[in-house]
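2 protein chains.
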Amino acid sequence: MDGHTRPLSVDEALRCVLEQTAAAPAEALPLASALGLTLAEDVVSDVDSPPYDKAMMDGYAVRGADLLDGRGDLEVVQEITAGRVPTLPVGPGQAARIMTGAPLPDGADAVVMVERTRLLEDGRVRVEGSPTRAGQHILKRGAELRAGETVLTAGVRLRPQDVGLLAAVGRDPVAAVPPPHVSLLATGDELVEPGVRPAAGQIRNSNGPMLLAQTRRGGGVPRYLGIAADHEDSLRPLIEQGLRTPVLLLSGGVSAGKLDLVPGVLAGLGVRTHFHKVHMKPGKPLFFGSVRTAGGTTLVFGLPGNPVSSFVCFELFVRPALRRLRGLADAGPPVRRAALAEDFGHASDRPTYHPALLEEADGWKVRPVPWFGSPDLRGLGRANALAVLPPGDGGFRAGQVLSVIPLEEG
Amino acid sequence: MDGHTRPLSVDEALRCVLEQTAAAPAEALPLASALGLTLAEDVVSDVDSPPYDKAMMDGYAVRGADLLDGRGDLEVVQEITAGRVPTLPVGPGQAARIMTGAPLPDGADAVVMVERTRLLEDGRVRVEGSPTRAGQHILKRGAELRAGETVLTAGVRLRPQDVGLLAAVGRDPVAAVPPPHVSLLATGDELVEPGVRPAAGQIRNSNGPMLLAQTRRGGGVPRYLGIAADHEDSLRPLIEQGLRTPVLLLSGGVSAGKLDLVPGVLAGLGVRTHFHKVHMKPGKPLFFGSVRTAGGTTLVFGLPGNPVSSFVCFELFVRPALRRLRGLADAGPPVRRAALAEDFGHASDRPTYHPALLEEADGWKVRPVPWFGSPDLRGLGRANALAVLPPGDGGFRAGQVLSVIPLEEG
Numbered sequence: 096m097d098g099h100t101r102p103l104s105v106d107e108a109l110r111c112v113l114e115q116t117a118a119a120p121a122e123a124l125p126l127a128s129a130l131g132l133t134l135a136e137d138v139v140s141d142v143d144s145p146p147y148d149k150a151m152m153d154g155y156a157v158r159g160a161d162l163l164d165g166r167g168d169l170e171v172v173q174e175i176t177a178g179r180v181p182t183l184p185v186g187p188g189q190a191a192r193i194m195t196g197a198p199l200p201d202g203a204d205a206v207v208m209v210e211r212t213r214l215l216e217d218g219r220v221r222v223e224g225s226p227t228r229a230g231q232h233i234l235k236r237g238a239e240l241r242a243g244e245t246v247l248t249a250g251v252r253l254r255p256q257d258v259g260l261l262a263a264v265g266r267d268p269v270a271a272v273p274p275p276h277v278s279l280l281a282t283g284d285e286l287v288e289p290g291v292r293p294a295a296g297q298i299r300n301s302n303g304p305m306l307l308a309q310t311r312r313g314g315g316v317p318r319y320l321g322i323a324a325d326h327e328d329s330l331r332p333l334i335e336q337g338l339r340t341p342v343l344l345l346s347g348g349v350s351a352g353k354l355d356l357v358p359g360v361l362a363g364l365g366v367r368t369h370f371h372k373v374h375m376k377p378g379k380p381l382f383f384g385s386v387r388t389a390g391g392t393t394l395v396f397g398l399p400g401n402p403v404s405s406f407v408c409f410e411l412f413v414r415p416a417l418r419r420l421r422g423l424a425d426a427g428p429p430v431r432r433a434a435l436a437e438d439f440g441h442a443s444d445r446p447t448y449h450p451a452l453l454e455e456a457d458g459w460k461v462r463p464v465p466w467f468g469s470p471d472l473r474g475l476g477r478a479n480a481l482a483v484l485p486p487g488d489g490g491f492r493a494g495q496v497l498s499v500i501p502l503e504e505g
Numbered sequence: 096m097d098g099h100t101r102p103l104s105v106d107e108a109l110r111c112v113l114e115q116t117a118a119a120p121a122e123a124l125p126l127a128s129a130l131g132l133t134l135a136e137d138v139v140s141d142v143d144s145p146p147y148d149k150a151m152m153d154g155y156a157v158r159g160a161d162l163l164d165g166r167g168d169l170e171v172v173q174e175i176t177a178g179r180v181p182t183l184p185v186g187p188g189q190a191a192r193i194m195t196g197a198p199l200p201d202g203a204d205a206v207v208m209v210e211r212t213r214l215l216e217d218g219r220v221r222v223e224g225s226p227t228r229a230g231q232h233i234l235k236r237g238a239e240l241r242a243g244e245t246v247l248t249a250g251v252r253l254r255p256q257d258v259g260l261l262a263a264v265g266r267d268p269v270a271a272v273p274p275p276h277v278s279l280l281a282t283g284d285e286l287v288e289p290g291v292r293p294a295a296g297q298i299r300n301s302n303g304p305m306l307l308a309q310t311r312r313g314g315g316v317p318r319y320l321g322i323a324a325d326h327e328d329s330l331r332p333l334i335e336q337g338l339r340t341p342v343l344l345l346s347g348g349v350s351a352g353k354l355d356l357v358p359g360v361l362a363g364l365g366v367r368t369h370f371h372k373v374h375m376k377p378g379k380p381l382f383f384g385s386v387r388t389a390g391g392t393t394l395v396f397g398l399p400g401n402p403v404s405s406f407v408c409f410e411l412f413v414r415p416a417l418r419r420l421r422g423l424a425d426a427g428p429p430v431r432r433a434a435l436a437e438d439f440g441h442a443s444d445r446p447t448y449h450p451a452l453l454e455e456a457d458g459w460k461v462r463p464v465p466w467f468g469s470p471d472l473r474g475l476g477r478a479n480a481l482a483v484l485p486p487g488d489g490g491f492r493a494g495q496v497l498s499v500i501p502l503e504e505g
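In the order they appear, the protein sequences are chains A and B. For the first sequence, the working numbering gives the first residue as 96, with consecutive numbering after it. For the second sequence, the working numbering gives the first residue as 96, with consecutive numbering after it.
Keep in mind that the hints were calculated from the coordinates and are not lab data. Among the hints, a few may not be true.
Same chains, same names: a pair is fine if it fits in one copy or spans any two.
[Said to hold, decoys possible] Derived pair list, reagent style DSS-like, types lysine-lysine, alpha-carbon separation capped at 25 Å:
#1 Lys460 to Lys235
#2 Lys376 to Lys235
#3 Lys379 to Lys235
#4 Lys379 to Lys460
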């Protein structure tokens, strides 16, 4: 895989990235932090739910046979609130006051809503209205879940309703794949942090905050290491630090020029190069390597310094790697087919990932937005998708169907 | 709006919630935490970007006129790296070694890639290949952004690419609407926390972790207050604590029964009831109130104790309120039209929000999943959407078009 002279195709490059990427080991994690993580165990219920025949209304637990014509006067033998255990059975001609969620007493087989009753002066309760059938306003023990039943299987990405189910069956903590930590290091003597006003020759580091946001959206936990200057003494300790997390993202410093020291420093730290060029636009000078560390394998992505190149390389390669690390079966990126909304002139010798608007209007339509290339973050800002334009010297016709990668919303 | 005797329709109830809900005041927030928040200012660039004519390749800055036939030998007068300012102009017959991202020196109007050059023994550089046109491999000052230009407008929900743009124009901190804090309080003597094995008569609190996850998905910052017992001494201090955040979610304790103390405690703390019933299934006994506090207004939702009722009420009412608090123009919930994939028998006197599978296959199709009602969290677990079934005593025919609320993925 050391073919870093010939540029790989996007598919080859993604395959190479995923070959180096395995799901992180599962851990026992607090349920409160499990949202969005991949479940790493088949989950079996340890309880019947509900654990008893449960009243679904406030009212009276009764024997349906006593109320075949819908009315009757019954002796009230006890009161049962949620969280209490009934102490007496309900015999013929008897009833128990009962609250929503409370266990039904033995003998009773139905609940009459309190709205259909009134207390008599002698302490009995009068039931009126339509006939009462057995099972009315009762949830039978085990109707939701039975002990021993599998309620969720390993591999599921946990949604709020799944978290609710895990809570119901006592899975706190729960075995899940933890989110990957991702180190971010910007490189370049010309960079200053966004809060600083650039002096002559300087520009602000826009990739750092953008990659941090993309990492969050991709389910990673970002750790920003700052800006490294263009010399080995600055780069080496920061890269060493970044290699301690499962993923290190470097921004800038990986094209072929004289000051692009990064590949040399990486090699010196044992990082094996898998590829260093991808046949795509923007994003051609993407570097990908890996190194075995004490904690496992660290993936190293050297992202191009131009912001749209960096953004696109993240979406095409880093996000799928994060999904794989998170234990998700489908690494992505997501692709949808959409018809060009209008003619579009474009020529390139490489497949182009062009900022575009994807919209659903009588099927899916895609419309490339004005964009002048890899430095043009504003063009990307007007887009909600990347249209994949095959290489060629001509243009594209309205109605032609393209692959489109939808971008996530805010 | 104190009409809590007649149940409101879902639309009336949502309108009532949103009438009580205003966007939180903007704050100056660190850019690193701005992802997903609503921008609260129009953002104008304070710089030209790039701030100078910038080299887009490693190579030599040249005068195109010297290389009209594509070749020539040029004197190298300086080396310019990114972050440095050129010290000399490039005269006729001269060139400057230049790195990607560095400022073009005066006099030069193009860059020749290093791959097209070689250094001669006398120190000059030989350029070979195709003709060099002015502007080649140069990004002109201000091509991306001009100082004074508006790059983003208030109201935008910030995506990673917007965060990149904000960084480029120095907006750190940035004026944005902070995420709303949401207190969660479960109520009920029968509840135990998920990590505990329930004794007789007890059940686990599944709504707490589920609402916490829904709050996160809805862009809120949850704060779990625990489980309150069914008496005023337990409820009152916890509710008082919860009223200190802009939103308080109560789970359970709001139906009409004897032990449902919550509405009384809320009234005692000055909470005004807006409604207490909604004409829907599940979720009928939803309580909504509000109170003015030192910090502004606190919205109080009393969610039904049955897990699917609680889930659905959150999606229909709480999530839109959170979106409005977050400053988003479209409160939702999102609704899509989809055709029933198959006949479906269902009768109810209320509109039913039925767990369903929504899929795109020759248009949008919806398929209700097996579900036996408000306690059935497993039924919800098989769904990715809620199908809105109008009231009626009959059934629904394959092909009939329904409103469907898609649920977010993990």
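To see whether the hints hold, each was checked on the structure:
1. Lys460 to Lys235: neither (50 Å within a copy, 33 Å between copies)
2. Lys376 to Lys235: Only across copies: Lys376 and Lys235 sit 20 Å apart there, 61 Å inside one copy, limit 25 Å.
3. Lys379 to Lys235: Close across copies (21 Å), not inside one copy (63 Å); limit 25 Å.
4. Lys379 to Lys460: Classified as neither: same-chain Cα gap 27 Å, cross-chain 40 Å, threshold 25 Å.
When held up to the earlier numbered hints, the structure conflicts with 1, 4 and fits the remainder.
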